[in-house]
Structures are given as C-alpha cells and as structure tokens.
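Using the hints provided, position chain B relative to the given structure of chain A.
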Amino acid sequence: MAATIGHAAVVIGLAVSLFAAAASVLAGRSGDPLLATVGRRSVYIAWGLSLAACAAMVSALLGHDFSVLYVARNNATTTPPFYSFISLWAALEGSILFWTFLLTGWSSLLLYRYRRDHAALMPWATATLALVAAFFFAVMTWPSDPFVTVTPVTAEGNGPNALLQNHPFMGLHPPLLYVGYTGLALPFALTVAGLVTRRFDAAWLRVIRRWTLGPWIFLTAGITAGAWWSYEVLGWGGYWAWDPVENAALLPWLTATAFIHSAIVAERGRSLRTWTAILVVTTFVLTLLGTFLTRSGVIESVHSFTQSAIGAWFLGGVLIALVSGTALIVWRLPDLAGSGAPPPLVSRESAFLLNNLLFSGLAFAVLFGTLYPLVAEALGGDRVSVGAPWFDRVSAPFFAALLFLLGVGPALPWGEVSWPALRDRFVLPAIVGVAAIVGGVVLGVGGAASLLTLGLAGFSGAILVGEVARAVRGRARASGEGPLRATWGVATRNRRRYGGYLAHVGVLVAAVAVAVSATQAVDATAVLAPGESAHVADYTVTHRDLVREPLASDPRVFETRAELDVAGPQGGSVSPALRDYPNSVVPIATPSVLTSATEDLYLTLLAYDTASDTVTLRLFVNPLVVWIWIGGAIVVIGAAFAIWPGRRTDTVVADPVVADA
Amino acid sequence: MTQSAPLPAPARRAWGPVIVVIGLLLILGWLVFSGVGNALTYYQTPTELAARGEAGVGQSVRLGGLVLPGSVSGPPTDLTFVLTDGTTEVTVHSTVAPTSSFREGAGAVVEGTLGEDGVFEATEVLTKHDEVYVAPSGFELP
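Here the protein sequences line up with chains A and B, keeping their order. With our numbering, the residue at position 490 of the first sequence is 490, and numbering never jumps. With our numbering, the residue at position 99 of the second sequence is 99, and numbering never jumps.
Simulated from the structure, these hints should not be mistaken for lab results. Virtual Cβ for every residue (Gly too), placed ideally from N, Cα, C. Hints may contain errors.
[To be verified] Quick partial rundown of chain B residues pointing at chain A, CB under 8 angstroms, derived from the structure:
hint : residue
1    : 16
2    : 23
3    : 24
4    : 26
5    : 126
This is chain B alone, in the form it adopts within the complex:
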C-alpha cells in the first residue's frame, strides 16, 4: 500500500514538459509561417509592376530601372523622377535623399510601394554595390 502511493506522481509529471514543448513549437510555427507573405519584398521591373495592375498597389516592391534623363525635379529630400526599363515608365517620389551615385541616365533601385495615384512612393533609394568592377579597357579577363 505505502509503496504504490508515490507512483502516480512521476506519471503525471511527464506530461507537463511535453505540453510546454508542443505549445512552444506551435508558437514557433505560427511566428515563422504567419505573415512571411506580407514580409516579402518583390524585385520587379516597371513593366512587371505595371502588369500586376491593381494587385501591385500597396505591395512592398524593389523596383529597378534607369533614371529617365530630364525627369528629375525637386530638392534631394522631396525628389520626383521617372524610372524606366525601356518599355514602361513609373513616376517615383522620394523624401529620402539618394546618394551621389544617383544621376540621370544611370541605374537605380528604389524600395517602396505603388500608390493609388500610380506614383511609386520610395522609402529607400538604393545603390547597388558592384562586387567586382572591371575597368572597360586595357584589362581583359578570361
């Protein structure tokens, strides 16, 4: 009688950690998988963005293209310019000053969202860091 009394205790105790572990795994899964869709940034060209139509509005996009010559206007902190891929043009507005590498006719990557009015509101004007830049003349690599 007295020997059998302590037995139930460890058996009951065994479930506590198991429940805690399962609970934590569920929380982990929810944290990881929920909302990853919203956290994605799409790399797109102006043509690809335009092809999405209404679906592209409000989505976080990284847009790459050339700055259309003659399209840049406004001070660096209230800048408007047109980004083009040769086929489609998108008007971009940015309150974030771009770096010196930003110039007309050069490539630029902007991150932000397309507004209802069709103007792309940039939260970041990025410069692409070329890992290796090979001088155009006098040095030929195999």
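With the rest of the complex left out, here is chain A:
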C-alpha cells in the first residue's frame, strides 16, 4: 500500500516537474503571467507529492512493512520509532527521496516569497529548479527506486546500519547538511535567471546572496554537527579525518563562502561579476559531485561505479549542470565584463580578492586530494589514498592567511588608504597578537602552528572588537545611550556588517580550538585488570568492573562496558562500551567524554577479555574541543543575524547599469 502510494507520488512528481519546467520556460519567453503562475504552482504540487512519498516511506518504516525492500534492508521489528523515522535518510534511496522533498520545499519557499516580485526573472528560476527536481524524481523512478517491493515478505528485516542507530545525533547532522546542500540549488537557479534575462545586476546579486546565506547557515551547522557526531560517536578521539564524505560537504561550503564575500564586491560595481557567477555555478556542481562521490560507491573503488546505474546518472547530472552553467556564462560574457582597472593593492577590494583566491585555491586543493585516488586507480590500477597529513599540510597556510584577512579585511577602507590610517588601525591589534603568542607560551601551549594561530586570532579579534567599539562609542556619544543599547543599535542598523563580524569571531574561536586541540592533545593506551589504574595528563582512571548485558532499549543489542572511576580535574563514573549489533560483524564503539571549558577526557574501550575482565582502553585528553562547537554555533548565529529581516534595510548601492538605463 505504502509502496503503491509512494511510487505513484514519485512518477507523478516527475511528470509535474517536467510540466512546471516547460510552462516556466514558455512563461519566461512570452512574459505570460498565467503561465508563470501555472509553473510556480506546479512546483508547489511537486513539493506536496514528494512530501506524500516521504510520508509513505516513514509510515512503512514505522509500521515495519517489510514488503518494501528499503524497509526490509534498513529496519527491524525491534528498531525504536525514533531510529525507524530517521532511517528515511539512512541509505541511498531514502536519502534521495528526502533530498527531493527538501529541494522542492526550498524551491516552493523561494517562489512563494517572490510570487509578486521579479516577474521577468522568476519563471527562469522556476524552470531551473523544476528541472533539478525532475532530475531527482527521475533518479527515483529509474536507477534508485525507494519503493521496490519484495516477495515473499520476510518476518524480520535487516535493521538499520548499526553505526547510525547507535546515537541520536544521527538524527541531527544529516538533515542539516541536506537542507544546506539542497538549498544551494536556489542561488544557481537565481543566477541562471539573471544571466538569461541579462539582469545579473547589483539588486539581483543582493537577492542571490541572501538566498545563498540561508542554505550556507544550514551547511555550516551541518558540518559542525557532523564533526561533533564523529567525535562523540565514532570513538577515534578526533572530529575531522579529511574523509571523502567530509570533503564532499566542505567543498561547496568553501566556494559558497567565497561567493558570499565576492558578491559584496560585485554588487558595488561591475568588477568580479563573471567570477561571482562562476562561483555560484561551481558551488551547485560541487553539491551534485558530492552526492555522486558519497552515493555511487566510487570512493570505495572506481570499479564499484559500474555496479549501479546511480553513478552514471549523477555523473551525467554533474556534466549537464557544468556544461550548461559554463555555456550560459560564456554566452553572457559581454554583459558581465568588468571595469578592468584593478583595485589598489592595500584596500578592502584587494582583501576580498585575496579571500576569494584563498577559498577557491583551498577548494581546488581539497578537490585534488579527494579525486586523486580515483584518477590514480582508473589510470594506473594502484589503490591509493591521500592521507590526512597531506590535507593538513596543504590547508594550513590557507587557513592562516584567511585568519589574517578576516580581521584586516573589514578594517580596510574601500579604495586608497594612507599609511597613517593603517598605523592607527593595526598597531594596537598587532600588539594584542604578540601578547596572545606570549600568553600562549606562558600557559604552556607548544607548537609553532598553534602559537601562530593564537597570534593571528588575537590580532584579528582585536581589530574586530576595535571596529565595533569605535562605532558604539560614536553612537553612544551622539545619542546619549548606554553601551549595551548603543551596541544593539549599531548592530541592528547594519545587520549585514555586524552579523558578519560575529561570524568572523566564531571562526576565530573555532580556529584557536582546532589548532590547540590538534597539537596539544595527549593520549595513552592502557590494559587494566579490575582494580588497576591508568594515568593520563592529570587524570587517574580506575577500572572497577566489566559488565556485559543486553541494552534495555533494544535487547538484540549486546553491550560490553567498562565501568570506570575518574579522578582529576574532572571526576566521576563513566562507562565506555562496545556494542554488538546483530547486523554488524564489527562491534560499535561507544566512547565516554567528560567535557569542561578547558579540556575533554575522552575514553574508548578498544578490547576486553571476558576470562580475566581485563580491558584495553584508549585515553585522550583533548584541550578546548568544546570551543570548536561553540565557535561553529557563533558563526551560525552571526550569519542568521546578518540575514534576519530588519525594520530598516541596508543601504542599497546604486548599480551603474541600472542607473544608466
């Protein structure tokens, strides 16, 4: 029943999306408002159909309807309702279904918001979004049908991937990432509309930038939450391994971040327009490429590519988006051509230019490292992987330069700047930066990389604080308000600027935490019999008992946990465990983490011996890790503050093209 409804919704969804695209193209060409309305409302219907298909799948999962192959593979009668629900995105077919729902949801939101605005442009955006939706509906109709049924119906299913049902965080980061990923189709569609209608101007760039920041916020939150999940659940003591799946999320984030910055320059004048359009297209292509890499199995081995048609479909999608986007930009090059004169070397324009060079350079490097093993295997046959140390070494200089720019950029004026002005703005922050390094040395922080990060963060942080303080002091003097009121007044009067500053502060916080935790972590391995203790940093960990029993929430899962007593800066009883799932040959690690503002004590049970109750533990003391998540949250809050609709809109810089017309 659920399969019939779901399958029908998908097939009708494909037809409706294609119809929406056709109607919208006709509306774009003729300017007929009725056709535009038909196209727009068809997208709403496509959203409703994908919602119906998702609901059918969720009801099949919750009802353990094993006549649906996806449910039989990813669910069991004992799976708790929460994990049944989130199994919607636990495997390939379901995640594409969920993806389609989010994509059409974002599309409907955008089209509804502008249903009375931008009449000439919106049909083209509608057509683009409808075609992207049609692609995903087609993927679900042919190579990756989520509603394949199976006979005879088995009494018990295989259960969800053990790793994914071991922690409720699995319900958090995949949806955030998907919302971010799918949302990045909006700036692509808006850019296509701008290029087709030759209105890729300052006003339109502001629209595109707003609709990029929304998805970008979710992508940022998703990457942070994913790192958190990796840290809290996987039990290897780290949060980022430069794994292809992680890189797939990072790549569009890097180019979208570059776009968010270059759009600020592009909407001020005619420079960087072509580049900005290229960034939007690249970002969208990278979201498709990321799906291709993570979903086709091509990462495991190039040869797995041929085992499923899904890889060919996505590669085709990537190529179509890349070729059509490039062709469109080349076609409109005469309209996009810049003013030619490069900006002064030391100016805010140059800072933005350098920022874009760094973000796109970093994206190129990460893409190179991610694709290298595929190309090497396809050409030479050697199975190789590019190790995390290579990524660390290549990315570090980029991150250092970006940390420097992140303070300097906002403090530089547009255009020419005099040396005395530079001295006024940067001497004090430079002193703060040096003081931060000295402070780091005094506190015992070692390692050139973490000290450099501290120095750069101190320097850039002081600049940002100084900029805000200057504005607040000016407002307080003029209006007679108290400092808090004046700060709020300053910030809400120019949300974009001060939201951006707050996001920059979040990056600084996270950067210091990453650098210090990466270089200052201490770890040890210990084999303990009951009653014995291990020491790591200032902690003493005593093995009290080894307990083996089924999980109360799911008796099919057998838990072996080491009950430990911890004494030191943080104390208490913890019990890292290994869980044996009936559908996993490998036991799933369940680490224990004691978190404080200064450091985490992270304990993993590696192995145990039931005869002697001896346990093998890995113990980590990771400094400052909690500040990585806090930093990520600050970035998200800052960006959300920036796009929050205010009473007074930001000053619109007149676009020379529009002004001339």
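Then chain B, alone, in the frame of chain A:
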C-alpha cells in the same frame, strides 16, 4: 602638462595585484603538487608488498589480509602477529592496541611501513566498517 602627470600611476598600480595573484597561484601549485607522492598510502596485499621487494620498505602502506591462527603473541600494546593472503605471510608488530573485532582467523587491515628487517610496523590496526551486512540465513536479497 598638468593633465598628463597622473597617468602613469594607475598603469604602474595595475601590475601589483597581478604579480600577487600569480605568486599565490605558484605557491598553491607547489603546495598541492609537491609531496603528494609521499602522502599516498598504498592498499596492498602481502603478496603485492613482497613483490615490491626493497622498494616497498619505508613506504606508507595499508596492508590487508587474514590473521594467521596461532600467530598472535604479546600483550595488546606490544602485539606481534602474522598477516596472510594465502600465498605470502608478513609478520606485523603493533604497539597500538587493536579493537575487539581483531581475532585469529579474521580479516584485518593494518597501516604502517615495512621495516628493513622484514617486519611490518603498524601505526594503526583498522577495522573495516561493513556498510551493509546481510545475515547469512533466512533473508535473501534479489
């Protein structure tokens, strides 16, 4: 006369950013392409590793095989065992404790380098996470 004086300034200024951009691209290229060869980890079987002979010594390798039954000795943090692919056997030494899934006769993947003495020094004993594990009986997939 006075009008022509400011002209050279923008012309000279134009080269600054261009040089900076080219310089940065060169640094980027050097960072990305230099040393990627050293950063590679090769996936190999014991037979493939042995076939490399002296060239395989010191290179970062991910070695996969079965743990030879009866070959495991020493405490978890000073472990010696033999990894085999049925044809070739490689002795592995590890100071990193393996996880519970490590057992004699089971598959294991170790990362590290082959030493001059022919003993593979593992820096990591990995467990392969099977994405989908299908129960051996009672459940047949098409």
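Structure-based check of each hint:
Look at residue 16 of chain B: its Cβ gets to within about 4 angstroms of chain A, closer than 8 angstroms, so that hint holds up. Of the supplied interface hints, the one on residue 23 of chain B is violated, with its beta-carbon coming no nearer than about 11 angstroms to a beta-carbon of chain A, more than 8 angstroms. The beta carbon of residue 24 of chain B comes within 6 angstroms of a beta carbon in chain A, closer than 8 angstroms, and the hint placing it at the interface holds. With 8 angstroms as the threshold, the beta carbon of residue 26 of chain B stays out of range of chain A, its nearest partner Cβ sitting at about 11 angstroms, so the hint is violated.
Violation of the interface hint for residue 126 of chain B is found here, the shortest Cβ-Cβ separation to chain A being roughly 10 angstroms, above the 8 angstroms cut-off.
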